Amino acid sequence: MTALALASFADEAAFRAGVAKADEAGRRVVGLWSPYPVEIGAIGEGTAAPITWISIAGGLASALLFYGFIWWTATQSYPFDSGGRPLHSWQVFLIAPIEFGALAAGVAGMIAFIVRARLTRLHHPAFDISEVERASSEHFVFALACDAGDGGAVLALLAEAGAVHSRIVTR
Amino acid sequence: MSDAARWLLPSMFDHKAITDAIAGPLVEGKAGKRWWIAVLVSLAVTGIGVLATGISFTYGPGMWGNNSAVVWGFPIANYVWWIGIGNAGTLISALLLLTRQKWRNAINRFAEAMTILAVSIAGLFPIIHLGRPMYFYWMAPYPNTMGLWPQWRSALVWDFWAILSYLLFSLIFFYLGLIPDLATLRDREGPRHWRRIWGAFALGWQGTPGQWRSHQRLQRVMAVIATPLVCSVHSIVGLDFAASLMPGWTESVFPPYFVVGAFFSGFAMVVLLALVIRAALSLEALIRPAHLDACAKMLLAAGSVMLLSYGSEWMSALWTGEAADLRFLRFSFTGPYAGLTYGMILGNCLLPQLFWSPALRRSVPVLVIVSAGVLVGMYFERILIICNTLSIGYEPTAWTLYVPTLVDFAILLGTGGLFVFAFLLLSRIIPLVPMYEIRELAEAAKGDAR
Amino acid sequence: MSSLSEPDFVARREVLRLIAAGAAASLAGCSKPDQPIVPAVEDKDGDRAGRIRRYATTTTLAGYGRGATALVVDGRPIKLEGSARHPASLGATDLFTETAILDLYDPQRLRAPAGPAGIAGWPMLERALIARLAGSNGEGSVLLTGRITSPSLLTRIAEARTRMPGLRHIRSEAIGDDAEREGARLAFGRPLTMRPRVGEADVLVLLDADPLGPGPDQVPFARAWADRRRAPGKPQRTYVLEPSPTQSGICADRRIALHPALVVNALLAVAGSLGAGNSSGADLPPDPAALVASVIRDLNGAQGRAVVMVGRGQPPEVHALAAWVNQRIEAPIDWIDPVDPDPSGHVESLAGLASDMAAGRVATLMVLDANPVLHAPPSWHFAEALERVPLSVSFSAFPDETAMATRWRAPLAHSLESWGDARSPDGTASLIQPMVKPLFGGRGALAALAMLDPAGPRPSDHDRVRHQWNAIDDGHWRDLLVAGVIEGTAAAPVPPGDARLVMPAPGWASAATIITLPPSPTLWDGRGATNAWAQECPDPVTRQVWGAALRISPGDARRLGVDDEDLVAFAGLSAPIKIVEGQADGVATLPLGHGRTAGGPIATAPGTLGAGTDAYRLRGPRGDWLSGGVTLVPTGAKAHTPRNQKDFALDGDAASLFPVVAPGEAIPKPPSRTTLLGAGPERPPDAPQWAMVIDTSACIGCNACVVACQAENNIPAIGPEQIGKGRDMHWLRVDRYEHEHGGGYQPVPCMQCETAPCEPVCPVEAPVHSAEGLNLQVYNRCIGTRTCQANCPYKVRRFNFLDYAGADLWGDLDPAPVTAQRNPDVTVRARGVMEKCTYCVQRIETAKHEADATGEALVTPVTACQAACPTQAIRFGNLADPASDVANLRRDPRHYALLEELGTRPRTTYLAKVRDVGDGEGEV
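Residue numbers (this note's numbering), protein chains in the order written: chain A, 1 to 171; chain B, 1 to 450; chain C, 1 to 924.
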C-alpha cells in the first residue's frame, strides 16, 4: 500500500532545497508543480527539442507546398498574359509562401507543444490534489512516493526542508 | 539598485500579491463606473463608424473624397496606420524576449493584445475600401467556376497573406503566453462559469517542469519566427506602394522605412496604453518609471531613424534630379498638403527629440503628448504617401487634389472606438500583465535585493 | 359659355389620350416610320436582331446640313457617324452631330402641345390656328425661323405665301453671318459667301477668326487644313491675331493676343503693304506689329497661296477690306451665292419683328425651331413684345425660353424622326431620313408648316421631300436615300468681280474693358445646353464643364486682384473668373449659350451658374458680338467652376509629354533600356496586333472623339458636382498643353501598354491582356480595389464611384428613354467597377465575326473616336501588318510614345506637334 507525500514551498529557493533533500534521502520525486518555469536537474519529462524541428519542418513544408500551388495555378491550371510578365514570375511568387510558411511553422509548433506537454487533459488526477491548484499561483509543490508506514519520517524530512505545508495522501 | 529590482516594487515580491494585483481586477472584481462610461463612449463612437461604413456600402465609395486621380484615400491610409500600430506588440514580446529584456514582462501581454486588435481592425480596411466589398473573398484562392486563381503578382494578394499569417500567428503567440495565467485564474477563487471557461482554455495546464520546458521552447521558437515575420509584413505593406512605378512610391527605402514607421507608431500606442492601464488598474508597482524610460528611449531611437529615412528620400530625389521626383518634393513642401508634411516632421521627428532629457522620459504628460504626436504624425505620413503621389502623377493634366469627407473621418473615428471598446472588454477577462513572468521577475528581484 | 368650357372638356380628353399615347410610346419604344426607309448597306438576310444597320441621313447646325450615318439596332438609332459622301462631313462628325443622338432620347423633350389652358392636343392647336388663319391672306401672321437651307421647307413656305401673301417669313439665326454678307456686299456689291480653298494656302492669316472652332464649316475646313499641313513639301503656316485663345489660336504656328478693336489696324497694315495706301492712326502694340510684319513678309512671298480670314465679330468694312486684300494676293478662294437665300440680315429682321410685335402689328406668330427670347439683344425686350401677340406658338424640341414665352408650345420632332433635307455650307443638298417614329409625339418642320397653312394640300412630309427632288420612280428615290447626298447640288463658284477698296477707320482700344461673345464650342448658340453630354464636354480652352466663366488676362486679373473662380459683377451679370494665358489685356470673353433660364433640368442644372453667365445679355442693340465697355467688380464671393483639367503648363522635363518640333525636325529616339523583366507568354503569330497613332499636329481639340466614345461605349454623364469632386468618366480625354515651344491638344485614350502596369497589380485579375495586344478590363470580375488606376501612369482608367449608369441628371423626369440609346454590344458598368478604353473591342469583334461569316480577310475596324475625328488625327490598325497605317506612322520621324522611359511600351503612340514659327521668337 503506497502513499504520496505532498509538500508545498513558498519560494523557489526553499523548493529547490526541499527537492534536493528528498533526493539525498533517496525519496523518489513523482511530481513537480511550479508557478513559473523552474529547472531542477533531470527531474520531469524529457527534452523539448523536437518542438523546434517540428515547427521548422512544418513551416518549410507548407511554404514549399504553397509555392508549388502558386506555380501550378499560374503556369498550369490557368496561364494567361498579365502585363506581359513571365508566367512563372518566381521573384514575386516567393512572397506569399514565405508569409504562409511562418504561420504554418507557428501552427505546427503549437500542435507539437500541445502533444508534448500532454495538454487538453482537463481531468487529470493531479487536479484532485488541492496543492496543485495553488501551484499555479503562489506555491511550489512536489510529491514523493512513500509507504504508508514511514509517513511520519517523510513529513519530518519535509518540514525540516522548509515546506510551508505537507501531508500524506494514501490511496 | 540592482537590475531586476528596477522593474518591480518590493510590494510585488510576494507571489500572492502579484496574483491578486493582476488577477484581482478581472471579472471577479467589480467593474468601476469609469469602466462602464468608457465602454459606453467607445461603443457610441464605434456606432458612428458603423453608420458611416453602412452609408459607404449603401451608396458606394463616392461617399468618400477619392477621385479619378487619387483613387485611394483614407481607407488605405487607415489600413497602413493600424497595421503599423499592430507591429509593436509582437516585436516587443519577440525581440525583447530574444534579447532577454526583463522589463518586457510588464508590458508585453497588453502590447500583444493591442497587436491583435489593431491588425484585426487593419484587416477590415482592404475590404471596406473595395468598390464591391461583397466580393472581397475573390482574393482568396478557392476552386471556382471561372477556374481563376488570385493574381500572385499583386501586392494586394501579398497583403492578404501577410495580414492573415501575421494575425493568426500573433494570436497563437498571444495564446501560448496566456495558458499558464489562464491556469492561475482557473485555480483561483472566482465566478464558477468564468473559471470553467478559463479552465477550458488553460487546456489542463499544470505547471510541471516538462510543460514549462515545452512552453519556454515554443515561445523562443515563435519569437525567432515572429521577428522576421513582423518585418516582412510591414515590408509588404511598403511594397503595396514601392512595387509600382509612380513617382514618390518607387522607393527602395520603403520596406525598411515602413517597418521602422510601424514599430514607431506601435510603440507610441504601447506607451499610451501603458499609462492608461497603469492608472486604471493601479499597477504602478508593476509598470515603473524605468519602463516608461525604456519606451521613451525606443521612441527617441525610432524617431531619429524616421528623420534619417525621410532625409534619405528627399536627398535621393535631389541627387537623381529626376524631374518628377523633384516636382514631387517641391509639392510636398510647398504644395497644398505642405501643412501635413510639416505636421508629420514635427510629430515623428522633432517631438521625440525631447526624450534626450531623462527627466522628460519619465514625465507622464510629456510621454502622452509625444506619443499622441507620433500617432498623429504617422497618420499624416500615411495619408501623404497616398495623396502626394496620386495628386501629382506623371500627367499634369490629371492632377487633382484630395479632400476627405465626413464619412471618411467617421470611419476612421469608428475604428478608434472599436479598438478602445475591444480593449476594455479584454481588460476584464484576461490578465493584461503576464503573472508567471512577473513571478519570475520577482524571484530575481528578491535575489538581487538580498 | 360652352365655347369656354369646351376646350377644357376637350383638353381633359386630350390629356387622357396623350397620357395613354405617351405611355405607349415609352413602352413600345421605337417603331419604324410608315414609309419604307432604305439602309445604305443592303444585307441579304434582312434585319438580323442585334445587327447594326447604317442609314444615311443629315443633321443640321445653324440650319446647314451635315451628312450623317445613323447606326440603328433593332429599330433604335444608337449613334450618329459621318457620311463620307457629304462635303461637310467627309465621314467625320463634330461635337454637335455626336450629341444629337442623346437629344433624340432626352426625357426633357416636349411631349405634347400646351396652350393657355395647359396640356392640350394637336387637334386643339390646329383648331386654334385655323380659327385665326382660315380664309385670311395671312396678314399680320409671321413665321419666325432660324436659317433655313432646306429646299423642301423653302418650297413649302413659298407655297404657303402664295396662298397667304400677307404671311411674313422672318429668318434670324442666333449666330448669323451679317457681317460677312455685308462685307461682301460692300466689296462686290452683292452678298457672296467666301469659300477658301485651304488646301492651296501656304499662309493662313486669321484675324479674330476661328475656322477651326465650332460651326457648320468646322469639319471640312479642319480636314483641308490638316491635310495641307500633313502634305509633304512646303510647310503651311497659320497666323492668328485674336482677343482670346480659340482652337485656331491654340493650333496656330504663330499667334498673338490682340484687342478686337485693333484687328482692323493689323489688316490696314497688311492692306497698306499691298498698295491700299497708308492710313494714319492705325497703330499696333509692338508685339502684334512685329507679327504683322512677318505676316506681310510671308504674304508677299505667297502670291496666290495665302488666305486672310476675318472673324464674325468684326464689322463689315473689315470683311470688305479682307476681300480686297485676298483679291490682291490672288488668294485661293471660291465665292458662291449664299446658300441661305434670304437676303435680309439676321439681326435687323428680328429687330423689325420685335418692334412690330411691340406695336401690336403681329397677330399670329409661329416660331419654328428658334429661340429669339434667348438670343435677342436685351434692349429689345423681345419677351415683353411677344406678350402682345394674341396667338403665338413655338415649335421646339425643348421647353426653351421662347417656348415658355409663347402662348402655345408644340413638340418639334428630332431630325431622326422626320423627313426633310438641308444644304451644306457649300450648297450640297442631302436628305434627312427618319429612323424612328416621333418618340414623344412631335411633328417635323414640314408638318408644322402645314398647320400654318391649313388651306394647303396635305401630302405627307415624305411625299413632299420626294417630290422636291422629283424622284418619280422608286429606284431613283431609293438611290437618293441610299446615298443621302444629292450629287451635283454644290453651289458653283461665281466670278465676284473686282473688289472695291473699302478703308475702314482705324480702331483704338477703349479704356473700359469690353467682352467678346463667341459661340460656345460645346453648346454652340445655347442649343447644346439641354444636352448632358455637351454640358459635360470640357471647353477646348478652359476645360470647364457644366457652365461658363469670364475669361480675362493674367494682367487684368492682377489689376483687379481676382483669381480663378472669384465672382465678378458686370453689366447686370455675375460670372466666375477664369484667368487665361494669351487673353488680350482689357478684353474679357464670355462664351454664348450658357446660363440658360429655361430648357429643362440639364440646361439649368445647379452648378451651371444660372443667368449670371448668359452672354446674350451683353449684346448691344445692334446685336454685335462685343459688349460695350463694362467695369468688372469683384464681389468677394466665389463660384465653383468644375473643370477636368487644372494645369496646362508643362515645365522642364514634363515638356517631353508634348514635344513640339519644327517642320522636318525629328524626335530623338530614347535610348532603349535593358530590362530585368523576363519575356511574357508569346502571342499567336497570326493574331492582329492592334495599335493607335494619334497625330497631335492634326488635333484641333474639337472633342468630337470624346463624345463619340461616350455614345459608343455607354459612358454616363455624371453631373457637375461629381466632376467638381475630381471624378470624370470620359474614357478619352483631350489634354491641352502650353509650354515655351507652343501648345496644342493631345487626345489620351488608354495606352493599351504591352507591359501594362495595371494588369499584374489587380488581385482578382480583372485586367487581362488579349492575344491581340488589348488591355482588357473584365467588368464583372472587378471588385474595385482601384489599384490599377493608382498604378496607371497615364491615369486613363475610370471608376464608378457611384451608380453612374443609373444616375439621374434629369431631375424628376424619368431617365428611362436615355437607356434606349445604349449600345447593346457594350456592357453597362455597375457601381464600384473600374472601366476604361477598349479600342472599341466590340467593333473589333464584329469585324472578326464578319470575316468569319464571309470567309474574307479581316477588315480593319474603325474605332468610334477615329471615325469621328474631323482631321483624321486618330489612326487605328494592325501593327502586325507592316503595310498598315499605324505601322507606317510608327516609322514617322515625329513618332513618340508617352512616358516611354517607364517601359510600359504603349500601343497608343503619338506624332509630335509641328509648329512652323519661321522667324518668330516662339511667342505663344
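Because the hints were derived from the structure by calculation, they are not lab data. Owing to the predicted nature of the structure, the values given are computational and were not obtained by experimental measurement. Don't be surprised by glycine CBs; every beta carbon is placed ideally from N, CA and C. Hints may be right or wrong, so weigh each one.
Which stretches of chain A does chain B cover? Using the computed rule of at least three CB atoms under 8 Å from a CB of chain B, they are [unchecked claim]:
#1 25–34
#2 66–77
#3 85–92
#4 142–151
#5 154–166
Proximity test - 8 Å, beta-carbon atoms, the segment 66–77 of chain A to chain B, at least three hits: holds (count 5)
Coverage assertion for the segment 85–92 of chain A with respect to chain B, Cβ distance below 8 Å, three residues required: holds (count 3)
Residues of the segment 154–166 of chain A with Cβ under 8 Å from chain B, three needed, outcome: violated (count 0)
Proximity test - 8 Å, beta-carbon atoms, the segment 25–34 of chain A to chain B, at least three hits: holds (count 4)
Outcome, coverage hint (the segment 142–151 of chain A, chain B; C-beta under 8 Å; three residues): Violated - the segment 142–151 of chain A has 0 residues with a Cβ nearer than 8 Å to chain B, which falls short of three.
Violated hints, listed in ascending order, are 4 and 5; each of the other numbered hints is respected by the structure.
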